[in-house]
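*Asks:* Sequence:
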Amino acid sequence: MSDDIKKNENDLNNNEQSSSAGEPDVSYPIRKKKRSKAIHLAWIIPAAAAGVAAGVIIGGAQNYNNKFWKDTYFGDMYVGGKTVEEVNEALKSDNKELKITTREGNIETIALDDISYKSSFSTDIQAIKDSQSPYAWFMHNSGENVYDVDINTSYDEAALNEKLANLNCIISDSIQDPTDAHLALVGDSFTIVEATEGNRIDSEKLNSVISQAVKSGVFDVNLSDSDVYVTPKVYGNDADLNTTLKNINALKQNTVKLNLHDAEETIDYSVFKDWIHTEGTQPVLDDEAILEYLNGIAEKYDTFQTQRDFQATGLGTIKVGGGAQDSYGFLLDKENTKDAIKEAILSGASDTVDCYWTVPANHRNQPNGDIGNTYVEIDISRQHMWYYINGELFTDTDVRTGTESSAQWTPTTEGVYRILWKQRDKWFLQVGDPCHSDYWMPFNSRGEGIHDATWYSTYGGNLYKWAGSHGCINTPYSIAKLIYENIEAGTPVIVYRS
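Counting along the sequence shown from 1, when you hit position 280 you're at 280 in the working numbering, and nothing is skipped either side.
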């Protein structure tokens, strides 16, 4: 082996030994590692995004340099994205008419020229534009940035009011007034009928709303957004209305018995439901409706001044009564009976109501109808009088009735009467010479009655035709006294001709 080869081998061995000893060979440069890409991107991406955003903002700012932000309103007027000049021009020329939309969606218009309308901004809108930084445009892309601006307007108010007064929504025949919620009888029950809104417009409110809109430069008005419609005063949820309904329903179980003297009628809810109306929160009954009902009751049960069958002594059945002077029979006192019925129904408790009678009778449904079996019977033709008590003849006598001659015509009036009262020591001063009776029993409004007549000694026959009374029943003293002492006021007196 040559000396050069050994030298190289020795050098190699020495290098290996040095390496194993941890000491690098300075004759070889150390290699640098590459920096990670992630380290570079950490600052490159935000910088790029910021650059893009800045570019967008700057680009948008150029667009909004002389325009209002997109969310800008002058009152109700939208001006977003417009220049000052465009807004001024729009105020002057864009609006040619006023459009009014009703709640039903109908549209009516008024030409602005017809009301001599002119307008201009009195607020410095250039100053508003200058206050809006173009670089803040991106924060005003939505929403409503409203500025209060003043507009100088001029128009003919009288002309506008005249136009408004002649709108179809004001003068149309199809306009419906609102109705309040109310109670109504539906079938057999009361219920609440809900209020209806209608479409009646309050002209004064309309004029105010439209005038304000015109002054503000607003020419598209939807009346649904305005308080111009006449509204109901009462709705279905009204507390008082529901209380009233509750109070009415409380009457449903009430029943009133109407006592008609030996006859009866039932007044239950099926009858009086049609009489109910309300006053405040309380049910009340309609007077006219009750009186109409009582008219039917009177027609069915009244006997006053009506003709009826009568079992006349020795004659059988005849017809008596029905004259204007009759004073006996049932005549219903409707006013007082009405009040009694109202009180009974509204009390909420079933009750019996005794009818009131303007003229009372003593019986009903007897052999002689309402006359019964205690009465005085007088036959003008036979000039005789009978007094029956409980169906038995108590006394009878010949009498003298009213004179029926050409010289004096004062006949006794036929009819069905009642003893009005009894009086002792009666002087008759109205006709002829004064005369006196101890026993006086008047029975009708003409002043006719039964009394003793001591100036006569004979009775009966045809004496009455030329020497009778002035209409009274002249009776022998003893019989007049007997009847007087055994008769009560209200006893029927039947006068007829056989």
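Do not take every clue at face value.
Stated by the list, open to error - Below, in silico cross-link-like pairs of lysine-lysine (DSSO-like), each with a Cα-Cα straight-line distance of 30 Å or less: (1) LYS319 <-> LYS422; (2) LYS215 <-> LYS205; (3) LYS273 <-> LYS205; (4) LYS118 <-> LYS205; (5) LYS215 <-> LYS118; (6) LYS273 <-> LYS233; (7) LYS422 <-> LYS481; (8) LYS252 <-> LYS205; (9) LYS319 <-> LYS273; (10) LYS422 <-> LYS334; (11) LYS334 <-> LYS300; (12) LYS300 <-> LYS319; (13) LYS273 <-> LYS257; (14) LYS70 <-> LYS82; (15) LYS300 <-> LYS257; (16) LYS342 <-> LYS246; (17) LYS215 <-> LYS92; (18) LYS215 <-> LYS246; (19) LYS252 <-> LYS215; (20) LYS233 <-> LYS338; (21) LYS70 <-> LYS99; (22) LYS233 <-> LYS257; (23) LYS67 <-> LYS92; (24) LYS163 <-> LYS67; (25) LYS465 <-> LYS422; (26) LYS92 <-> LYS205; (27) LYS67 <-> LYS99; (28) LYS96 <-> LYS163; (29) LYS118 <-> LYS99; (30) LYS342 <-> LYS319; (31) LYS215 <-> LYS70; (32) LYS99 <-> LYS82; (33) LYS82 <-> LYS92; (34) LYS246 <-> LYS163; (35) LYS96 <-> LYS70; (36) LYS338 <-> LYS257.
No lab work stands behind these hints, which were simulated from the structure alone.
*Asks:* Hint by hint, note whether the structure agrees.
*Replies:* Consistency of the hints with the structure:
no. : hint              : verdict
1   : LYS319 <-> LYS422 : holds (28 Å)
2   : LYS215 <-> LYS205 : holds (15 Å)
3   : LYS273 <-> LYS205 : violated (41 Å)
4   : LYS118 <-> LYS205 : holds (23 Å)
5   : LYS215 <-> LYS118 : holds (10 Å)
6   : LYS273 <-> LYS233 : holds (26 Å)
7   : LYS422 <-> LYS481 : holds (11 Å)
8   : LYS252 <-> LYS205 : violated (45 Å)
9   : LYS319 <-> LYS273 : violated (41 Å)
10  : LYS422 <-> LYS334 : holds (28 Å)
11  : LYS334 <-> LYS300 : holds (13 Å)
12  : LYS300 <-> LYS319 : holds (19 Å)
13  : LYS273 <-> LYS257 : holds (16 Å)
14  : LYS70 <-> LYS82   : holds (8 Å)
15  : LYS300 <-> LYS257 : holds (16 Å)
16  : LYS342 <-> LYS246 : holds (19 Å)
17  : LYS215 <-> LYS92  : holds (13 Å)
18  : LYS215 <-> LYS246 : violated (51 Å)
19  : LYS252 <-> LYS215 : violated (60 Å)
20  : LYS233 <-> LYS338 : violated (33 Å)
21  : LYS70 <-> LYS99   : holds (25 Å)
22  : LYS233 <-> LYS257 : violated (40 Å)
23  : LYS67 <-> LYS92   : holds (18 Å)
24  : LYS163 <-> LYS67  : violated (37 Å)
25  : LYS465 <-> LYS422 : holds (28 Å)
26  : LYS92 <-> LYS205  : holds (27 Å)
27  : LYS67 <-> LYS99   : holds (28 Å)
28  : LYS96 <-> LYS163  : holds (15 Å)
29  : LYS118 <-> LYS99  : holds (17 Å)
30  : LYS342 <-> LYS319 : violated (38 Å)
31  : LYS215 <-> LYS70  : holds (24 Å)
32  : LYS99 <-> LYS82   : holds (23 Å)
33  : LYS82 <-> LYS92   : holds (15 Å)
34  : LYS246 <-> LYS163 : violated (49 Å)
35  : LYS96 <-> LYS70   : holds (25 Å)
36  : LYS338 <-> LYS257 : holds (13 Å)
The structure fails to meet hints 3, 8, 9, 18, 19, 20, 22, 24, 30 and 34 from the earlier list, while all remaining hints are met.
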